[in-house]
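Read off the chains here:
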Amino acid sequence: MDKLITVSPSPHVYGDDTVKKLMYGVVYALLPALLISVYFFGIGALIVTTISIVSCVAFEYLIQKYLMKSEPSISDGSALVTGLLLAFNLPTNLPWWIIVIGALVAIGVGKMTFGGLGNNPFNPALVGRVFLFISFPVQMTSWPEPIVSRLQYTDAVTGATPLAVVKEGLSAGVPMSRLLEQIPGYMELFIGYLPGCTGEISALALLAGGLYMLTRKIITWHIPASIFLSVFIFTGILWLINPYDNADPLFHLLSGGLVLGAVYMATDYVTSPMTPKGMWIFGIGIGVITVAIRIYGAYPEGVSFAILIMNAFVPLINKYVKPKRFGEEVKNG
Amino acid sequence: MIQTFPRGGIHPPEDKFSAGSPIKVLPLPKTVNIPLSQHIGAPSEPLVKKGDKVKTGQWIAKCKSFVSANVHSSVTGTVTKVDKLMDSSGYKRMAISISTEEDQWEEGIDTSDTLNRNIVATADEIIQKTLDAGIVGLGGATFPSHIKLSVPKGKTADVLIINGAECEPCLTSDHRLMLEKGEELMVGIQLIMKKLNVKKALIGIEKNKPDAINHLSSLAKGFGGTEVRPLKVKYPQGGEKQLIKALINREVPSGGLPVDVGTVVHNVGTAYAIYEAVQKNKPLIERVVTVTGKDLQTPSNFMVRIGTPVSELIEAAGGLPEDTGKIINGGPMMGKALINTDIPVTKGTSGILLIPSAEAKRKPVVNCIRCTKCISVCPMGLEPYLLQQASEYKKWDIVEEERALDCMECGSCSYICPSGRPLLDYIRLGKSTVSKIIRSRKQ
Ligand code: SF4
Ligand code: SF4
Chain A
1 MDKLITVSPS
11 PHVYGDDTVK
21 KLMYGVVYAL
31 LPALLISVYF
41 FGIGALIVTT
51 ISIVSCVAFE
61 YLIQKYLMKS
71 EPSISDGSAL
81 VTGLLLAFNL
91 PTNLPWWIIV
101 IGALVAIGVG
111 KMTFGGLGNN
121 PFNPALVGRV
131 FLFISFPVQM
141 TSWPEPIVSR
151 LQYTDAVTGA
161 TPLAVVKEGL
171 SAGVPMSRLL
181 EQIPGYMELF
191 IGYLPGCTGE
201 ISALALLAGG
211 LYMLTRKIIT
221 WHIPASIFLS
231 VFIFTGILWL
241 INPYDNADPL
251 FHLLSGGLVL
261 GAVYMATDYV
271 TSPMTPKGMW
281 IFGIGIGVIT
291 VAIRIYGAYP
301 EGVSFAILIM
311 NAFVPLINKY
321 VKPKRFGEEV
331 KNG
Chain B
1 MIQTFPRGGI
11 HPPEDKFSAG
21 SPIKVLPLPK
31 TVNIPLSQHI
41 GAPSEPLVKK
51 GDKVKTGQWI
61 AKCKSFVSAN
71 VHSSVTGTVT
81 KVDKLMDSSG
91 YKRMAISIST
101 EEDQWEEGID
111 TSDTLNRNIV
121 ATADEIIQKT
131 LDAGIVGLGG
141 ATFPSHIKLS
151 VPKGKTADVL
161 IINGAECEPC
171 LTSDHRLMLE
181 KGEELMVGIQ
191 LIMKKLNVKK
201 ALIGIEKNKP
211 DAINHLSSLA
221 KGFGGTEVRP
231 LKVKYPQGGE
241 KQLIKALINR
251 EVPSGGLPVD
261 VGTVVHNVGT
271 AYAIYEAVQK
281 NKPLIERVVT
291 VTGKDLQTPS
301 NFMVRIGTPV
311 SELIEAAGGL
321 PEDTGKIING
331 GPMMGKALIN
341 TDIPVTKGTS
351 GILLIPSAEA
361 KRKPVVNCIR
371 CTKCISVCPM
381 GLEPYLLQQA
391 SEYKKWDIVE
401 EERALDCMEC
411 GSCSYICPSG
421 RPLLDYIRLG
431 KSTVSKIIRS
441 RKQ
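Respectively, the protein sequence lines represent chains A and B.
Okay, so the first sequence: first residue is 1 according to my numbering, each after it adds one.
Okay, so the second sequence: first residue is 1 according to my numbering, each after it adds one.
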């Protein structure tokens with residue numbers, strides 16, 4: 001033998017998943033929702049998405065290269081996903097400089113201060129979003145009407161989201177039956193014909209992408225299912241008790257950022273639990289907190305806060321919720 | 001009904017290139033190097049010295065303690081050396097080298113091909129012959145078989161499990177054996193059943209070997225108590241604990257043995273070797289070895305004398321391909337990379353796999369992204385990402401608490417990790433360190 005052979009421990013073959021493939025899988029899954037958004041919101045959706053992605057990727061590159069002095073890893077696609085998800089959580093008439101600030105906070109504070117991909121406790125896109133929400137409440141809560149101003153950007157005609165209409169109406173004592181006339185029907189909610197953030201409007205497109213991620217094994221069903229189920233049950237109980245002052249569970253499932261949050265934000269690998277049981281606890285927590293904020297809290301929508309709060313519990317969940325070990329419980333038959 | 005184990009597992013490309021090649025007898029090599037540590041346990045003690053003439057099948061090294069095994073000469077010739085030699089472990093260990101002459105078998109060994117179905121041996125004779133013949137687990141574990149033929153006091157076994165899963169990709173030696181030596185195998189199973197005094201034997205075979213399933217199923221009709229059970233193609237289906245779970249839905253407790261749940265598992269190759277030992281009086285001096293690889297000219301299955309250098313097998317299968325990057329003793333998931341091709345075939349060698357250089361390198365390692373894939377594929381219900389971190393940072397208490405010792409080293413976690421993390425490498429380190437700590441605690 002005169003040539004060099006490799007001697008390394010087993011295994012000697014590897015699956016073909018890489019971080020990059022998984023991240024791009026998420027990107028592909030988000031494309032249908034982006035298309036629908038461009039259809040309803042026009043150029044605003046394109047501008048916001050482009051600025052968000054470009055600034056997220058640029059900040060990641062600059063911070064890694066000049067601050068951390070390490071090899072930039074932007075090609076792994078994770079900054080791209082953060083950029084896309086941040087954009088999806090912003091209104092399409094948001095001025096460009098606010099988006100850039102959001103991207104800086106998302107990547108700089110949300111991701112890089114903790115050491116980059118894999119080490120961040122909070123979902124970076126949501127860190128960016130919530131920062132903007134607190135700093136620029138006015139700009140962050142005016143949403144363009146769908147269809148009518150597809151050629152306008154910051155000067156688009158705005159309207160209130162169905163959740164905001166319901167929240168304000170109910171607190172002013174208007175019965176639910178009257179409010180239903182002021183908001184889009186279920187079909188429109190499902191397809192995405194309503195005012196809202198760039199990528200959150202179409203449950204249909206988001207669920208289609210979710211299905212794609214499930215079949216490619218990019219995510220598992222536990223987190224989305226537990227969130228949907230807990231929201232459905234919680235709002236269902238309230239609605240059964242008092243249908244006059246409460247929206248029905250289907251409305252809660254289809255409106256706001258619930259589908260986007262449950263399928264794409266809460267399933268973020270780094271910031272969600274490691275075991276199926278842990279995922280259930282995490283998902284139920286998100287569902288319950290979301291509904292609590294929507295119904296009893298100060299804001300009409302609470303998905304982002306709920307996810308961030310539960311992100312904070314993940315280390316605890318991981319420490320105490322363990323997978324079922326083989327041979328642990330000796331039950332023979 | 002297709003059975004399988006419920007938790008974890010992966011499905012790597014099967015790549016069973018040599019499944020269609022009948023077993024060919026490999027010509028005798030010029031010299032053989034027969035290691036004295038071909039099994040788990042104490043090395044055997046040589047009974048011959050330089051210059052001695054030996055016959056094929058002659059006893060040349062004896063089992064030194066309870067957990068050990070006898071060794072026999074696989075050829076006729078002259079002992080040229082009893083010295084340390086590199087073996088598949090990567091270490092230099094004692095081996096007996098013999099230069100080959102024309103084959104002349106030791107007296108009393110039946111070398112004919114005729115089937116001997118007639119079982120006359122008593123239970124005691126069965127275990128004695130197994131011990132005498134130097135039989136060890138041929139699936140790769142190489143645990144001395146006579147130990148697994150006795151049920152410890154206070155325990156009972158009610159079913160024998162025969163492992164024909166061959167879940168490792170690429171390997172086909174068990175597959176060919178089941179097809180070509182089916183009847184002998186069946187008699188071997190009867191012998192083990194007789195010794196263990198069990199009335200039932202289940203033969204588990206993965207569904208990607210339908211011919212073997214059919215063949216053994218039809219043979220099983222002629223042998224009482226045996227039944228063939230098709231298994232889903234899923235790695236590590238052939239892991240002892242996984243196979244037991246799949247076939248009889250019992251979970252071997254952590255740190256326990258199959259007999260704790262009333263069963264004993266033997267590999268098909270072992271059952272065949274026991275047939276030969278008891279019915280033919282033939283010691284374990286040869287075995288079926290698959291030689292395979294994507295670029296190999298003729299992937300084959302050979303009947304090989306123990307101690308034959310790996311290079312002879314590769315030559316007989318068309319020669320070492322130009323860009324071979326890795327030579328593996330065993331399958332791609334659990335096999336060991338060899339340092340060179342002079343290393344001899346031993347009792348535990350089920351295959352020789354050649355991997356092209358492009359595939360011999362690992363993926364670049366990046367941060368763990370906590371994708372949970374390693375957890376979901378771990379058949380033992382462990383958290384590989386956590387064990388890896390804890391080992392890397394030398395937190396041995398966590399490594400122990402998180403049950404690293406339960407790891408069966410199947411490699412599924414390393415296989416699946418999208419970040420290319422060397423999970424099993426660190427878990428192995430953790431396991432050995434924790435074992436040391438536990439041992440020192442006992443003292
Ligand atoms: S598979 Fe790899 S990246 Fe995923 S959690 Fe396990 S170690 Fe981390
Ligand atoms: S090598 Fe060990 S930790 Fe990894 S999957 Fe197999 S049993 Fe689990």
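No lab work stands behind these hints: they were computed from the structure.
Keep in mind that this is a model prediction, so the values were computed, not measured.
All C-beta atoms, glycine included, are put in the ideal place defined by N, C-alpha and C.
Take these hints with a grain of salt, some might be off.
[Stated by the list, open to error] Just a sample of chain A residues kept apart from chain B, beta carbon distances all over 12 Å, derived:
no.: 1; residue: Leu4
no.: 2; residue: Tyr66
no.: 3; residue: Ala164
no.: 4; residue: Tyr212
no.: 5; residue: Pro273
[Unchecked claim] Residues of chain B placed beyond 12 Å of chain A at every Cβ, according to the derived structure:
no.: 6; residue: Asp15
no.: 7; residue: Asp83
no.: 8; residue: Asp110
no.: 9; residue: Lys245
no.: 10; residue: Ser254
no.: 11; residue: Pro364
no.: 12; residue: Leu424
[Stated by the list, open to error] DSS-like cross-link-like pairs, simulated, lysine-lysine; straight-line CA separation at most 27 Å:
no.: 13; chain 1: A; residue 1: Lys324; chain 2: B; residue 2: Lys361
no.: 14; chain 1: A; residue 1: Lys217; chain 2: B; residue 2: Lys232
no.: 15; chain 1: A; residue 1: Lys69; chain 2: B; residue 2: Lys232
no.: 16; chain 1: A; residue 1: Lys277; chain 2: A; residue 2: Lys322
no.: 17; chain 1: B; residue 1: Lys234; chain 2: A; residue 2: Lys322
Hints versus structure:
Against the 12 Å criterion, Leu4/A falls within the reach of chain B, whose nearest CB is about 9 Å from its own CB. Its beta-carbon lying about 20 Å from the closest one in chain B, Tyr66/A satisfies the requirement of being farther than 12 Å from that chain. Against the 12 Å criterion, Ala164/A stays outside the reach of chain B, whose nearest CB is about 35 Å from its own CB. Remark: the non-interface label on Tyr212/A is consistent with the geometry, its nearest Cβ contact in chain B lying 17 Å away (cut-off 12 Å).
The Cβ of Pro273/A sits about 8 Å from the closest Cβ of chain B, inside the 12 Å cut-off, so the non-interface label is violated. Residue placement check: Asp15/B does not keep its beta carbon more than 12 Å from all beta carbons of chain A (closest about 9 Å). At roughly 21 Å, the least C-beta separation between Asp83/B and chain A is larger than 12 Å, which holds for a residue marked as non-interface. The Cβ of Asp110/B lies farther than 12 Å from every Cβ of chain A, with a closest approach of about 38 Å, so its non-interface assignment holds.
For Lys245/B, the condition that its CB be more than 12 Å from all CB atoms of chain A is violated, with the nearest at approximately 8 Å. A beta-carbon of chain A comes within 12 Å of the beta-carbon of Ser254/B; the shortest separation is about 4 Å. With a cut of 12 Å on Cβ distances, Pro364/B falls inside the contact zone with chain A, its closest approach being about 9 Å. Distance check on Leu424/B: its Cβ comes as close as 7 Å (rounded) to a Cβ of chain A, failing to clear the 12 Å threshold; non-interface status is violated.
Note on Lys324/A and Lys361/B: the hinted pairing is violated, with a Cα-Cα distance of about 33 Å set against a maximum of 27 Å. Between the alpha carbons of Lys217/A and Lys232/B the distance comes to roughly 20 Å, so the proposed pair stays at or under 27 Å and holds. Using a Cα cut-off of 27 Å, the hinted pair Lys69/A and Lys232/B is violated, with the two alpha carbons roughly 49 Å apart. Note on Lys277/A and Lys322/A: the hinted pairing holds, with a Cα-Cα distance of about 8 Å set against a maximum of 27 Å.
For the given pair, Lys234/B sits about 24 Å from Lys322/A by alpha-carbon distance, which is consistent with the 27 Å threshold.
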